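*Asks:* Listed below are the residues making up each chain.
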Amino acid sequence: MTKEDKLAIRMRHISKSFGKVQALQDVDFELKEGEIHALLGENGSGKTTLMNILSGIYYPDGGEIQIMDQDVAICSPKDAFGLGIGMIHQHFKLVDVLTVAENIVLGLPPSEETKRKRLNQTIRDIASRYGFDIKPESKIYELSVSEKQTVEIIKVLYRGANMLILDEPTAVLTPQETEKLFTILRAMKADNKAIIIITHKLNEVLAVSDRVTILRKGKKIDTIKTSDANRQILTEMMVGRKVDLAIDRPEAHDRKLMLQVNQVTAVSSDGRKLLDRVSFDAYGGEILGVAGISGSGQKELCEAIAGLCPVVGGSILFESEINGVRVAENLVGQTPEAIINKGISLAFVPEDRLGMGLVASHDMVDNVMLKNYRDNKGPFVDRKTAKKTAEQLIDALEIVTPGVKTPIRQLSGGNVQKVLLGREIISNPQMLMVAYPVRGLDINASFTIYHLLNEQKDKGVAVIFVGEDLDVLMDISDRLLVLCQGQVTGIVDPRKTTKEHIGLLMSGAEREEVGA
Amino acid sequence: MSDYASCEIKRPLVRMVRRPTASLLHRAIVYFIALIGALLTGALLIFILGHNPLDVYVSMVQGTFGRAISFNETIKVAVPLLVTGMAVAMAFRMRFWNIGAEGQILIGGIASTAIVIYGQNIPQLPKLILMGLAAMLAAGLYAAIPALFKAKWDTNETLFTLMMNYIALQLILFLQYQKGWQKERTSFPIIRTFSPDARLPRVYGIHIGWIIALVLVILYFIYVKKTKHGYEVSVVGESVNTARYAGMNVGKVIIRTMFISGALAGLVGFIQTAGADGTLGEGTSGGMGYTAITVAWLSKMNSIAMVFVSFFIAMLDRGAKSIQTSHGIPASAAALLTGLILFFMLGSEFFINYKLVFRGRAYHG
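Protein chains in written order, with our numbering: chain A, 1 to 516; chain B, 517 to 881.
Note that these hints are calculated values from the structure, not bench results. Here the structure is a predicted model, which means the values were calculated and not measured. There could be a bad hint or two in this list.
Restraint-style ranges between C-beta atoms, simulated for each label pair [claimed, not checked]:
1. B/His542 to A/Ala252: 56 to 62 Å
2. A/Ala207 to B/Leu862: 39 to 45 Å
3. B/His542 to A/Arg12: 31 to 37 Å
4. B/His542 to A/Gln90: 35 to 41 Å
5. B/His542 to A/Gly343: 49 to 55 Å
6. A/Asp5 to B/Met532: 37 to 43 Å
7. B/Met532 to A/Lys256: 54 to 60 Å
8. B/Arg535 to A/Gln90: 24 to 30 Å
9. A/Gly343 to B/Leu664: 29 to 35 Å
Under the rule of at most 30 Å between Cα atoms (straight-line distance), these lysine-lysine pairs were calculated in the DSS-like manner [to be verified]:
10. A/Lys342 to B/Lys768
11. B/Lys592 to A/Lys342
12. A/Lys387 to B/Lys744
13. B/Lys768 to A/Lys405
14. A/Lys219 to B/Lys871
15. A/Lys387 to B/Lys741
16. A/Lys20 to B/Lys668
17. A/Lys377 to B/Lys643
18. B/Lys871 to A/Lys371
19. A/Lys32 to A/Lys273
20. A/Lys342 to B/Lys741
21. A/Lys342 to A/Lys217
22. A/Lys78 to A/Lys139
23. B/Lys816 to A/Lys384
24. A/Lys384 to B/Lys643
25. A/Lys405 to B/Lys816
26. A/Lys371 to B/Lys741
27. A/Lys371 to B/Lys742
28. B/Lys592 to B/Lys666
29. A/Lys342 to B/Lys744
30. B/Lys871 to A/Lys387
31. B/Lys768 to A/Lys371
32. B/Lys744 to A/Lys273
33. B/Lys744 to A/Lys388
34. A/Lys20 to B/Lys816
35. A/Lys299 to B/Lys666
36. A/Lys377 to B/Lys742
37. A/Lys405 to B/Lys742
38. B/Lys742 to A/Lys342
39. A/Lys387 to B/Lys742
40. B/Lys768 to A/Lys299
Think of the CB as a built atom: it goes at the ideal place given N, C-alpha and C, for glycine as much as any other residue.
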């Protein structure tokens, strides 16, 4: 056995079920010392569950775990730490008002080691060894998202982890920051740390990992060397059949001005600017992509247009034709009820599907009528029509559900999204806003959604697509708007620009004159 | 690798695992076992007190069904409990924790008493209708106050409604000394007895309140399941964000629903004063505003189920009273017995939603 082949982690026959759902079934997984191992799978394939078992959050129904050739039982995150396993979650767990150093030792017993001077030095040592760029004295709220992630990584390193699990670490990063993270991961690998990176982005798997394990529907498909893999092979293993990975972008025609957003500003309750003088136009018959690091104002932008987020300045003019006369209605200051009553048909698929777009515990019938239950006369709701609409949607979009009476929360993510998008499309909107429409969806469902959006564009609808995957945004959008800290840093033609340029706009390092 | 040897294998003894939706049969079995468990534990308690458990249980049942009069008494307890149950369930469906039914009942009672006192010349039927409407309106408005604060400033409705109970109670204590309200020819602070024309007529030996309650069960069911209002209540209860997204006026829905909730509780005040008691007092609500919370939860906010649950609780209540007289069991012990049974019934919910997996029986694959 050479040094490289020494096993850090060995999981055998791991099974775990939640109620009727078998999340993991007889899964084997091996991690070598000094390797970067990608764990690849679609949402619901069990990759996060497997790692949560390793980090002590769940306890498996069956199977064995060996760490460094020792049988172990990991009952709590504390056990996992004791074994040298550290997990960096998607959602950071940091205290905003404390410093970097304070967050790193939070919860540890006080000792000589945690004295401020000594501690700062240790943190600087770790940072310089792996190439992190961070000051131990900075407060968390002063940091960017990528710096916060750095703190999380240093936190587990400081506590002596030599096996690191990163759950979708690049979801919140710009392309440049992703490259920086990968450099750090390679440095840690050179230091003989074992690293697992959970992801569903193929490019990243190919760029950074040594080996890749593919999970599908709770089962392990295979572990292969990354050097033997390519996008096509990985997709087929992940999905289970051949998939065409090209996204259509039909030529835009009949472009008609639909929405004029002028100098819109929104402020949070604690006085932070959520939107800062945002201006842009949206046209019928085109898809306007919206890119940005998460939390750059995307949510507020959509909600401002839908009348859900109060706007302190600027105007949002919605153009429409009434009896052949073009009129512009200002949506600022109007409630969603008023906007609906004015006959402005604005469809909106919010980011929080089950918390805003749908009622999770209600069945499909009750969800389909959510926006038009007032339309019929009399005090009673018309469930008959809604039921017909629901059945129509099930047929048209191939929604998989036991029936129209099943609570929405029991459907899979893809089917939930089809119900939501279907309801919005069937109302024949003039404008369609979608926020992260394929988040959590498998490849097949994602392509169905892209296809539906293109269909709406073809019908002359103005589509606004807020997304997180830059590759997809660049493939499907006719124009791409980039947000950074609530400001528009550029509106570009994705056919004539590079990913790197968009990355610089996302981080605010560059800025284009808006107005073109 | 000695650093890792310190963690020896230590598997947990019992784990909770969420159960997929339980079948009706499973539910029935769990409730049945819970009932048996409660009776056995209760038997132990009775045995320690020095009585024969079987005897005590038999007289509990006799106290409820034994004679026509005891059955009537049970219904008289069940009716206000049922209507109050619907009142709080209406608000609970919206996740608005109305703990103030107690006070709303009293306000309803005050309003109908006011009609009796200031409208002595009105004939019986219009008087009774007026009393009912006044009770509903007053209690509805009373309940709308915390709703208004919730809608405008997002205040905590639990504390707000709870505190308003004490205001209503003090109001009654105040009225007991007022001229016109206080019973004539006595110095005791008691409110005067209703004249016969201000009393609810009897149907099959029980005041007509039971018919009103059954009609309300049907109306509640329709309102909640079939109307636009009922739909709005369920959406607001699930997610305020979704309701706003759908263009609902959330504040309006909260205030309107609380008005209805309060009005139902107010109607109980009318039924109690004009039906069961024939007068108004601090005991008019008799803790029903709180017991109704148990009724609403045990029936999962379903009005049909509430009919059975409120009857069951009334039965326990009557049974507990009857063993006090027949066996000389102290009131506190009888209440303990009632509490035990409810505790087992509510606790059994856990076994409907979860199952326990013991070490060694973990399955593979």
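*Asks:* Can you confirm whether the C-alpha distance between B/Lys744 and A/Lys273 stays at or below 30 Å?
*Replies:* 38 Å, violated
*Asks:* Between A/Lys387 and B/Lys744, is the straight-line Cα distance small enough, at 30 Å or below?
*Replies:* Since the Cα atoms of A/Lys387 and B/Lys744 sit roughly 16 Å apart, the hinted pair holds (cutoff 30 Å).
*Asks:* Verify the CB-CB distance for B/His542 and A/Gly343 against the hinted window 49 to 55 Å.
*Replies:* Holds - the Cβ-Cβ distance for B/His542 and A/Gly343, about 50 Å, lies within 49 to 55 Å.
*Asks:* That 24 to 30 Å hint for B/Arg535 and A/Gln90 (C-beta), does it hold up?
*Replies:* 28 Å, holds
*Asks:* A/Lys299 and B/Lys666: Cα distance at most 30 Å?
*Replies:* 26 Å, holds
*Asks:* Could you check the hint for me, namely that A/Ala207 and B/Leu862 are 39 to 45 Å apart, CB to CB?
*Replies:* Violated - the Cβ-Cβ distance for A/Ala207 and B/Leu862, about 55 Å, lies outside 39 to 45 Å.
*Asks:* Can the restraint linking A/Lys387 and B/Lys741 be considered satisfied, given a maximum Cα separation of 30 Å?
*Replies:* Between A/Lys387 and B/Lys741 the Cα gap is close to 15 Å, so the pair holds against 30 Å.
*Asks:* Check whether the Cα positions of B/Lys871 and A/Lys371 lie no farther apart than 30 Å.
*Replies:* 39 Å, violated
*Asks:* For A/Lys20 and B/Lys668, compute the direct alpha-carbon distance and say whether it is at most 30 Å.
*Replies:* Given that 30 Å is the threshold and the Cα spacing comes to 43 Å, the pair is violated.
*Asks:* What's the verdict on A/Lys32 and A/Lys273, does the C-alpha distance respect the 30 Å limit or exceed it?
*Replies:* 47 Å, violated
*Asks:* Is 37 to 43 Å a correct range for the gap between the Cβ atoms of A/Asp5 and B/Met532?
*Replies:* Taking Cβ atoms as reference, A/Asp5 and B/Met532 lie about 40 Å apart, which means the hint holds.
*Asks:* Below or equal to 30 Å on CA atoms is what counts here, so check A/Lys377 against B/Lys643.
*Replies:* Roughly 35 Å separates the two Cα atoms, so the pair is violated.
Hint violations for this structure: numbers 2, 11, 16, 17, 18, 19, 21, 24, 28, 30, 32, all remaining hints satisfied.
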